[in-house]
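Visitor: Letter by letter, the chains look like this.
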Amino acid sequence: MNAVFGRKLVDRFWTAASGLAVLVALVPLTSLLWLVISHGAAGLSPSFFVNLPTPVGEPGGGVGNAIVGTFYMVGIASLIALPIGLGAGVFLAERGNGKLGHAVRFTAEVLAGVPSIVVGIVAYGLVVARMKHFSALAGGVALSLVMIPSLARSTEEFVRLVPSTLREASLALGVPSWKTSLRVILPTAMGGIVTAVLLAVARAAGETAPLLFTALNNQYWNLDPGQPTASLTVQIYNYAISPYDDWHAKAWSAALVLLLVVGALNLLARFLSRSRMEGAR
Amino acid sequence: MSPAYEAAMNMEPAPENRLFADAGPDRPAGTATGAPRAAGGVEPKLRVRDLNAWYGSNHALRHVSLTVPPRSVMAAIGPSGCGKSTFLRCLNRMHELVPGARAEGTLLIDGQDLLGRDVDPVSLRRRVGMVFQRPNPFPTMSIRDNVAAGLKLNRIGGNHDEIVERTLKQAALWDEVKDRLGASALSLSGGQQQRLCIARALAVEPEVLLMDEPASALDPIATAKIEDLIHELKERYTIVIVTHNMQQAARVSDQTAFFYMGELVEVGPTERIFTNPGEQRTEDYVTGKFG
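Top line first, the protein sequences correspond to chains A and B.
Note that the first sequence covers residues 1 to 281 in the working numbering.
Note that the second sequence covers residues 1 to 291 in the working numbering.
With the rest of the complex left out, here is chain A:
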């Protein structure tokens, strides 16, 4: 009897301890959400989403150009990163067992671990130093370097999930190998790949360091890839390090907007992957 009692006591202790760990882990997460919402919600208004920033003290003003700039530069980054990342992922899944495959996989892993400030410096050297000025293009190149490794690895995993029997079925019909990859394997893996793309886009949208000295910032609307461009993250950074209370409030509101954008992308990715799994059942 004593042994049973002791075992139950130990069981309760560890259940309580792990439950407590969950609560402690939730504290920073919920306090982060609470802080951003409580400080940022007051400054949100329809005009905050569409107006240009205003000088200190002037009421109104928003981050419209920064929202557009973020999507614009993530768009440029996607144009560069999607073909390279997806192509590398398909290569790794289909032909990645040789020396070249291991080298590519290792490179992608290293690239994924490179601090984003270093990515910014590289893009500065590659694009800004040559063009002699900051630009949306440089920002897009920097963000694409963030996206490529994660796209390549997740594409590889989703392509590997496609049953080999489908590949055999296609090859047995006399379909060439490359066309089998492109027309049979890739469409079957597409649900997962779309999810991976959305997560990579969300990750890029939340990056500050790669943009700091590539796209810099801009007080005005800009869709010229050759000109400096505002982004939500750099705008938050600039507002936050300023000495003005007015701008601090705007930093909180812009942070809330960024959280909403990234959160929406993550929710969409989740929704798509879930409905895909139900479709497969």
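One should not assume that every hint holds.
Chain B regions said to be covered by chain A (calculated; three or more residues, Cβ under 8 Å) [stated by the list, open to error]:
(1) 70-76
(2) 86-98
(3) 117-125
(4) 149-163
(5) 199-213
Every beta carbon over 10 Å from chain B, so not counted as near; a handful from chain A, in silico [as the list claims (entries may be wrong)]:
(6) V50
(7) V104
(8) L126
(9) L171
Think about it this way: if two alpha-carbon atoms lie no more than 20 Å apart in a straight line, the pair counts; the simulated DMTMM-like pairs of lysine to aspartate or glutamate are [to be verified]:
(10) A:K132 to A:D224
(11) A:K179 to B:D120
(12) B:K234 to B:E283
(13) A:K179 to B:E271
(14) B:K225 to B:E213
(15) A:K99 to A:E157
(16) B:K152 to A:E168
(17) A:K179 to B:E165
(18) A:K179 to A:E168
(19) B:K234 to B:E213
(20) B:K178 to B:E165
(21) B:K178 to B:D161
The hints are simulated quantities; they were obtained by calculation from the structure and are not laboratory data.
Backbone N, C-alpha and C fix where the C-beta goes; we use that ideal spot for every residue, glycine too.
Given the coordinates of chain A, work out where chain B should sit on it, guided by the hints.
Guide: Same frame as chain A, but now just chain B:
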């Protein structure tokens, strides 16, 4: 026994006698075209001579020789790992897709060598279709697109709707799906999916159809439908079927080849293999003493 059996038996000296003899030098590719006509006047659709296959250093198929007459069914039987699936996958050169795998020997369709270096395996596979153990329709495509997949992916012209209807009828699936051709292929039952895969293989108009245990994942009713289908298909196609199920081999095939440990032990008319086999090992296997 049908004339096809007679012809088959006349064409090749009893293969079992040659099994352990020296294989002799390989014929260079191409020299065997225009193989001599058989006594019965029926030229074999498939002629396999001294076929060997390896997975790395594992010699999985040893000195196999046999012939398959046109418009007949050959069943390959034997215990797991005996080489019967490897044999089947050599016939459309799917075997060599496994890393480290290779095959040597002479493999003729209508007298034309298939293992030669100048033969494109991709175009060969359009002549030799294949149905797999588990139904494997393309999940992203509709029923119609699955059947037409080989035509579309290979850019083969023609009236696709007509071909889809004809092959679905050949596969005895048309009546069940004609009202929902646009539905996902995954909405079909397992047996229907397997008949869809047969229709897909037939749509590219192969001459030979390979079936790798096509009914092993199906229930008895769906299995019976597939077997009926094989009887109808042999009016037009030459079929080689691998099966674990000896009753199935006895029901559907004209000839039976018994493989054991990578060797072709015996090949002959199905009736004889099951009632009066020439080899002790064949008798032990078909009477259920092992395997």
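Visitor: Evaluate each hint against the coordinates.
Guide: Taking the hints in turn, this is what the structure says about them:
Counting residues of the stretch 70-76 of chain B whose C-beta lies closer than 8 Å to any C-beta of chain A gives 0; at least three are required, and the coverage claim is violated. Remark: the stretch 86-98 of chain B is confirmed as covered by chain A, as 3 of its residues place a Cβ nearer than 8 Å to a Cβ of that chain, reaching the required three. Coverage of the stretch 117-125 of chain B by chain A holds in this model, with 4 residues showing a Cβ closer than 8 Å to a Cβ of that chain against a need of three. Under a criterion of three residues with beta carbons nearer than 8 Å to beta carbons of chain A, the stated coverage of the stretch 149-163 of chain B is upheld, 4 such residues being counted.
Check result for the stretch 199-213 of chain B against chain A: holds, 3 residues qualifying (beta carbon to beta carbon below 8 Å, three or more required). Residue-level check passed: A:V50 sits 40 Å from the nearest beta carbon of chain B, beyond 10 Å. Remark: the non-interface label on A:V104 is consistent with the geometry, its nearest Cβ contact in chain B lying 18 Å away (cut-off 10 Å). Distance check on A:L126: its Cβ is at least 38 Å (rounded) from any Cβ of chain B, clearing the 10 Å threshold; non-interface status holds.
With a cut of 10 Å on Cβ distances, A:L171 falls inside the contact zone with chain B, its closest approach being about 7 Å. A distance of roughly 16 Å separates the Cα atoms of A:K132 and A:D224; the hinted pair therefore holds under the 20 Å criterion. Between A:K179 and B:D120 the CA atoms are separated by roughly 16 Å; this keeps the pair inside 20 Å, and the hint holds. The straight-line distance between the Cα atoms of B:K234 and B:E283 is roughly 27 Å, outside the 20 Å bound, and the hint therefore fails.
A C-alpha spacing of about 44 Å is found between A:K179 and B:E271, which places the hinted pair above 20 Å, so the restraint is violated. Straight-line distance between C-alpha atoms of B:K225 and B:E213 comes to about 14 Å, which keeps the hinted pair within the 20 Å bound. Between A:K99 and A:E157 the CA atoms are separated by roughly 19 Å; this keeps the pair inside 20 Å, and the hint holds. A distance of roughly 17 Å separates the Cα atoms of B:K152 and A:E168; the hinted pair therefore holds under the 20 Å criterion.
A hinted pair counts as satisfied when its Cα atoms are at most 20 Å apart, and A:K179 with B:E165 does not qualify at roughly 25 Å. For the hint linking A:K179 to A:E168, the alpha-carbon distance of about 13 Å falls within 20 Å, and the restraint holds. Between B:K234 and B:E213, the direct Cα distance comes to roughly 17 Å. Compliance with the 20 Å bound is thereby established for this hinted pair. For the proposed pair B:K178 and B:E165, the alpha carbon gap of about 8 Å is at most 20 Å, so the pair holds.
Straight-line distance between C-alpha atoms of B:K178 and B:D161 comes to about 11 Å, which keeps the hinted pair within the 20 Å bound.
Going down the numbered hints, you'll see the structure goes against 1, 9, 12, 13, 17, while the others check out.
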